[in-house]
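In order, the protein sequence lines correspond to chains U and W.
Counting from 1, one number per residue, gives the positions in the first sequence under full-length UniProt numbering.
Counting from 1, one number per residue, gives the positions in the second sequence under full-length UniProt numbering.
Watch out, some of these pointers could steer you wrong.
Stated by the list, open to error - Simulated restraints, written as ranges between beta carbons of each label pair:
id	chain 1	residue 1	chain 2	residue 2	range
1	U	Glu-58	W	Leu-178	16 to 24 Å
2	W	Asp-169	U	Arg-168	26 to 34 Å
3	U	Leu-66	W	Cys-192	53 to 61 Å
4	W	Arg-59	U	Ala-265	37 to 45 Å
5	W	Glu-36	U	Gly-35	54 to 62 Å
6	W	Leu-178	U	Glu-184	49 to 57 Å
7	W	Ala-311	U	Ala-265	46 to 54 Å
8	W	Asn-218	U	Asp-281	56 to 64 Å
9	U	Pro-308	W	Lys-251	33 to 41 Å
10	W	Asp-181	U	Glu-58	30 to 38 Å
11	W	Ile-201	U	Pro-161	52 to 60 Å
12	W	Val-285	U	Arg-59	25 to 33 Å
13	U	Ala-312	W	Lys-203	26 to 34 Å
It is worth saying that the hints were derived from the structure and are not from the lab.
In this text, a Cβ means the ideal position worked out from N, Cα and C, and glycines have one as well.
Number of protein chains: 2
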Amino acid sequence: MSSIIVVGHKNPDNDAISAAVGYAYLKNELARRAGEEAVFEPVRLGPLPPETEWIMGERGIEQPRLIESVPEGAKVILVDHNEMLQSVDGLNTDDLVEVVDHHRLGGLTTAQPIRVNVKPVGSTAAIVAREFEIEGVELPESIAALLLGAMLTDTVIMKSPTTTDFDRDMIARTAKTLGVDPVEYGMDIFKCRSNPAELPIDKLVNADAKEFELKNGNKVYIGQFETVDLKAVLGREAEIREAIKALVAEKGYQFVLFFATDILAEGSQFICEGDTQFVSDVFGVNLNDGESAWMPGVLSRKKQVAAPILAA
Amino acid sequence: MSSIIVVGHKNPDNDAISAAVGYAYLKNELARRAGEEAVFEPVRLGPLPPETEWIMGERGIEQPRLIESVPEGAKVILVDHNEMLQSVDGLNTDDLVEVVDHHRLGGLTTAQPIRVNVKPVGSTAAIVAREFEIEGVELPESIAALLLGAMLTDTVIMKSPTTTDFDRDMIARTAKTLGVDPVEYGMDIFKCRSNPAELPIDKLVNADAKEFELKNGNKVYIGQFETVDLKAVLGREAEIREAIKALVAEKGYQFVLFFATDILAEGSQFICEGDTQFVSDVFGVNLNDGESAWMPGVLSRKKQVAAPILAA
Chain U
1 MSSIIVVGHK NPDNDAISAA VGYAYLKNEL ARRAGEEAVF EPVRLGPLPP
51 ETEWIMGERG IEQPRLIESV PEGAKVILVD HNEMLQSVDG LNTDDLVEVV
101 DHHRLGGLTT AQPIRVNVKP VGSTAAIVAR EFEIEGVELP ESIAALLLGA
151 MLTDTVIMKS PTTTDFDRDM IARTAKTLGV DPVEYGMDIF KCRSNPAELP
201 IDKLVNADAK EFELKNGNKV YIGQFETVDL KAVLGREAEI REAIKALVAE
251 KGYQFVLFFA TDILAEGSQF ICEGDTQFVS DVFGVNLNDG ESAWMPGVLS
301 RKKQVAAPIL AA
Chain W
1 MSSIIVVGHK NPDNDAISAA VGYAYLKNEL ARRAGEEAVF EPVRLGPLPP
51 ETEWIMGERG IEQPRLIESV PEGAKVILVD HNEMLQSVDG LNTDDLVEVV
101 DHHRLGGLTT AQPIRVNVKP VGSTAAIVAR EFEIEGVELP ESIAALLLGA
151 MLTDTVIMKS PTTTDFDRDM IARTAKTLGV DPVEYGMDIF KCRSNPAELP
201 IDKLVNADAK EFELKNGNKV YIGQFETVDL KAVLGREAEI REAIKALVAE
251 KGYQFVLFFA TDILAEGSQF ICEGDTQFVS DVFGVNLNDG ESAWMPGVLS
301 RKKQVAAPIL AA
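One chain only, chain U, in its complex shape (with noise of 0.2 Å):
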């Protein structure tokens, strides 16, 4: 049987490329337990994230694997993503066999039933974390600080308006297996990410960063960057302006909105450029000329921001 790669969206952030490293163990598990050869192997569209390279090393996890395209032959399952326009190139939806997520639905269509498994919870981590419990497989140590690591900056440590009682739960208890307190192994994620001073601007804009496909068609780009540092992110603004109004001019984007999250104040810093105009609208706010808005207890990219500009 030829292999079966798990893979997360592009521009993998931490959950991304946990989910898939944890999935693919999961699956590989499962396979020889029914006495099938064990062909899931995790497979990442970016770079590591620092906080994803810092916990692999403490953990002595081995990288993924990094492709541009599904490799000749291969089926695919998805982790942290359903919509093709995030999906690895050269998809083919008949290839396709599994889905997990927790991400909105994306118009998806197969010809065949494949396993889909999307809840509206704050991690993909977390998903695969139950799934573990469900099948009554052990969960490593090294993949539950994985795991955990996942469900701790996908809800910026409890704090997004995403996370929900499973989440808290599953968070809980992995904890407990690893003999570590939640927040504080939260916080140790988060000092480890760059010091966005000395980040190269391409890497801060693009750090967390999404298309997506409003209702007239149009594509536009998304992109969060989570910090502890605020002022030196915005210290750049300049320099991030010059760089999303590099990628509407190249790719075409109806817009490009930017946000900083500052983790400890919660709330969220938004500059855009493109149509400036349509943002502000949503948001009730003014984007427009350079204006750059505050957004109180904005943390949520998928609930808080792209939500209401695909509802637009």
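Please build the complex by placing chain W on the supplied structure of chain U, with the hints as guidance.
Same frame as chain U, but now just chain W:
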């Protein structure tokens, strides 16, 4: 909190209605366990199939309410389908909270994440029965009988190629709790289906029929009638042709394909009107000019009939 309806597809079959009743029961139990209101109501979009009516009568299960469109203010859980074309009228995807299904993905788009539980298995009833186990909710005898009936009709007593090990496991476990032999129980259910010689022709043709959209955007209608008396069905071929020809004219379908499945001989007789050449090409048979074709081994609309048509 306003009600949440649990609804199967139009032209409901035994699985669509049984899964709705079973899942609403489970969700109400989970709500009570969490100290919340039990607001889940199973509903249906058409008449009860005779076997469903029989099981509900035997087991004292209340028949779900018949609705034509989404009640004002209600949220919606879809079972046994995920395509808007096959779903309740007036459905706004913003009101969708969950999908439990075993069909191909039909391009559903939502603004917010929702729960989606789709497995490529033989029946939605088996997925629902598994959820009782996962959540640790006791399956009452009446609901067990209903779900087992649907597992057996949707897999044609485990003869359909859609039947997986998951289905065989769930059928065996559910039959054991009921103390019945699954094959005998399945035969009893099939026998209580109406006599095809006496059914009104529109009931015969629409008994288990669904609309699909081809890649070219045209709509088609595919109906199946499972029987232990194929002769009686084929004795009415002229009437069947007249009825499906009228559907082509009335609804503008590219074609209507009706097939009668003999569950004992394990095959199906195809009768087509409209663009018969399209269907003839897909299956390598001649359905033009009033010809019909016997398709040995074809038992599953989803896997063996709709899938190749939608992939063409």
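Q: Could you say whether the range 33 to 41 Å given as a hint is met by the Cβ separation of U/Pro-308 and W/Lys-251?
A: holds, 38 Å
Q.
Against the range 26 to 34 Å, how does the distance between the Cβ atoms of W/Asp-169 and U/Arg-168 compare: consistent or not?
A. holds, 32 Å
Q: Given the hint of 53 to 61 Å, check if U/Leu-66 and W/Cys-192 actually sit that far apart at their C-beta atoms.
A: At 59 Å between Cβs, range holds.
Q: Return holds or violated for the Cβ distance of W/Ile-201 and U/Pro-161 against the range 52 to 60 Å.
A: About 55 Å separates the Cβ atoms of W/Ile-201 and U/Pro-161, which means 52 to 60 Å holds.
Q: Go ahead and decide if the range 56 to 64 Å is satisfied by the Cβ distance of W/Asn-218 to U/Asp-281.
A: violated, 38 Å
Q) Quick one: are U/Glu-58 and W/Leu-178 within 16 to 24 Å, going by C-beta? A) Given range 16 to 24 Å: violated, Cβ gap about 51 Å.
Q.
The hint says 46 to 54 Å between W/Ala-311 and U/Ala-265; measuring C-beta to C-beta, is that right?
A. Because 52 Å falls inside the window, the suggested range holds.
Q: Starting from the range 49 to 57 Å, see whether the pair W/Leu-178 and U/Glu-184 falls in it by beta-carbon distance.
A: holds, 51 Å
Q: Determine whether the Cβ-Cβ distance between U/Ala-312 and W/Lys-203 falls within the hinted range of 26 to 34 Å.
A: violated, 46 Å
Q.
I want to verify a distance hint. Is the separation of the beta carbons of W/Glu-36 and U/Gly-35 within 54 to 62 Å?
A. At roughly 43 Å between Cβ atoms, U/Gly-35 and W/Glu-36 fall outside 54 to 62 Å, so the hint is violated.
Q: Please test the hint of 37 to 45 Å on the beta carbon pair from W/Arg-59 and U/Ala-265.
A: Violated - the Cβ-Cβ distance for W/Arg-59 and U/Ala-265, about 58 Å, lies outside 37 to 45 Å.
Q) Would you say the C-beta atoms of W/Asp-181 and U/Glu-58 sit inside 30 to 38 Å of each other? A) violated, 56 Å
Hint violations for this structure: numbers 1, 4, 5, 8, 10, 12, 13, all remaining hints satisfied.
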